[in-house]
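Make a model of the complete structure from these sequences and hints.
Chains Z and H, in that order, give the protein sequences.
Residue numbers for the first sequence follow the working numbering, so the first one is 1 and each next one is one higher.
Residue numbers for the second sequence follow the working numbering, so the first one is 112 and each next one is one higher.
Just so you know, not all the hints are guaranteed correct.
Which stretches of chain Z does chain H cover? Using the computed rule of at least three CB atoms under 8 Å from a CB of chain H, they are [said to hold, decoys possible]:
#1 23 to 34
#2 46 to 55
#3 95 to 106
The calculated DSSO-like cross-link candidates involving lysine-lysine, where the alpha carbons are at most 27 Å apart (straight line), are [said to hold, decoys possible]:
#4 Z:77 / Z:52
#5 H:182 / H:126
#6 Z:56 / Z:77
#7 H:155 / H:182
#8 H:126 / H:189
#9 H:155 / Z:52
#10 Z:98 / H:126
#11 H:155 / H:194
#12 H:122 / H:155
#13 H:189 / H:173
#14 H:189 / Z:98
#15 Z:98 / H:155
#16 H:122 / H:189
#17 Z:98 / H:173
#18 H:194 / H:122
#19 Z:98 / Z:68
#20 Z:68 / H:155
Don't read these hints as lab results, they were simulated from the structure.
Every residue gets a Cβ at the ideal spot worked out from N, C-alpha and C, and that includes glycine.
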Amino acid sequence: GNSVTQMEGPVTLSEEAFLTINCTYTATGYPSLFWYVQYPGEGLQLLLKATKADDKGSNKGFEATYRKETTSFHLEKGSVQVSDSAVYFCALGDSSYKLIFGSGTRLLVRP
Amino acid sequence: EAGVAQSPRYKIIEKRQSVAFWCNPISGHATLYWYQQILGQGPKLLIQFQNNGVVDDSQLPKDRFSAERLKGVDSTLKIQPAKLEDSAVYLCASSLGVGREEAFFGQGTRLTVV
Chain Z
1 GNSVTQMEGP
11 VTLSEEAFLT
21 INCTYTATGY
31 PSLFWYVQYP
41 GEGLQLLLKA
51 TKADDKGSNK
61 GFEATYRKET
71 TSFHLEKGSV
81 QVSDSAVYFC
91 ALGDSSYKLI
101 FGSGTRLLVR
111 P
Chain H
112 EAGVAQSPRY
122 KIIEKRQSVA
132 FWCNPISGHA
142 TLYWYQQILG
152 QGPKLLIQFQ
162 NNGVVDDSQL
172 PKDRFSAERL
182 KGVDSTLKIQ
192 PAKLEDSAVY
202 LCASSLGVGR
212 EEAFFGQGTR
222 LTVV
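Right, here's the structure in full:
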C-alpha cells in the first residue's frame, strides 16, 4: 500500500543553518505530496504542496521538489530561525483522497 | 472562512467509560477525516467519509470505535469502552474532495484515559 517515510529526529540546528528533512514515498499512480507543520500547542497546518512530478512547492522560505525518479519530496530551507522549531510531517494524497502521513520530524533551532 | 471546529479540546475519562468527539468541517467540503495521533507519532487515519458515505475505515477498531457523519456535514466519533491505549489526540480534517488537494485540520481533542 501507499506509505511515507521520513528521517527520524530530532534535528537540532543553530539559527541561520541550512535545513534538509528527507521524505520518500511509495505509491501507485500519481499522488500529491505535502508538508505539514505542527507548532507547539497548535494544530496541523499545511506548509507547502506539489501536485505533479518536478513541481516545486514553496512557502515561508521552505521549498520541496516532487521527484518522481527518486520518489522523494525533501524539505529544505536556506536559513532557519528559532520560530521554525516545530514538528514537520510529510504526507501524500492518493487518488481516493486518502491522506497518509509520515511519522514526523522534530526540528529544534537554537539561538 | 471558518476553519474546522472540534469539541471538546480536552477530555479525561476512566478506562471502560465512553466518550464522544464532535467535528464541524469547512462548509462545502465533501471529504471528512478522523485521525488518531499518539504522542510522538504521525497521524493515523481512522475513518474517511465522502459526503455521508464511508470511503475507508480499515484502521478503525470497530469493536470499540464508531463514527457517523450527519447529512454529510457534522461528524461524531465515539469510543466505547475506552482503553488506556486510546490516549491520544483525535484530529478531524476536511477537504473539498474533488482531487488530491490538501486537507484542513481542526485543533484536535486531547483524550486521556486513566
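Margin query: Holds or violated: residue 122 of chain H and residue 189 of chain H, Cα atoms, limit 27 Å.
Written below: 13 Å, holds
Notebook entry, point to check: Is residue 98 of chain Z close enough to residue 173 of chain H, meaning Cα to Cα at most 27 Å?
Noted result: The given pair, whose Cα atoms are some 19 Å apart, holds under the 27 Å limit.
Next item on the list: Take a quick look at whether residue 194 of chain H and residue 122 of chain H sit within 27 Å of each other, Cα to Cα.
Entry: 14 Å, holds
Margin query: Checking one constraint from the list: CA of residue 98 of chain Z to CA of residue 68 of chain Z, max 27 Å. Satisfied?
Written below: 19 Å, holds
Note to self: Does residue 77 of chain Z sit within 27 Å of residue 56 of chain Z, going by the straight-line distance between their CA atoms?
What the structure shows: 13 Å, holds
Item checked: 27 Å Cα cutoff - pair residue 155 of chain H, residue 52 of chain Z -> 24 Å, holds
Notebook entry, point to check: Can the restraint linking residue 68 of chain Z and residue 155 of chain H be considered satisfied, given a maximum Cα separation of 27 Å?
Noted result: Within the cut-off at roughly 25 Å; holds.
Next item on the list: Verify the proposed pairing of residue 155 of chain H with residue 194 of chain H, using a straight-line Cα cut of 27 Å.
Entry: 17 Å, holds
Margin query: Tell me if the straight-line CA distance from residue 98 of chain Z to residue 126 of chain H falls inside 27 Å.
Written below: 31 Å, violated
Margin query: Please verify whether residue 98 of chain Z and residue 155 of chain H have alpha carbons no more than 27 Å apart.
Written below: Measuring from Cα to Cα gives roughly 11 Å; hence the hint holds.
Next item on the list: Mind taking a look at whether chain H covers the segment 23 to 34 of chain Z? Criterion is 3 or more residues with CB to CB distance under 8 Å.
Entry: holds (count 3)
Checklist line | Proposed proximity, residue 126 of chain H with residue 182 of chain H (alpha carbon, max 27 Å) | finding: 31 Å, violated
In terms of the numbered hints stated before, the structure departs from hints 5 and 10, listed from lowest to highest.
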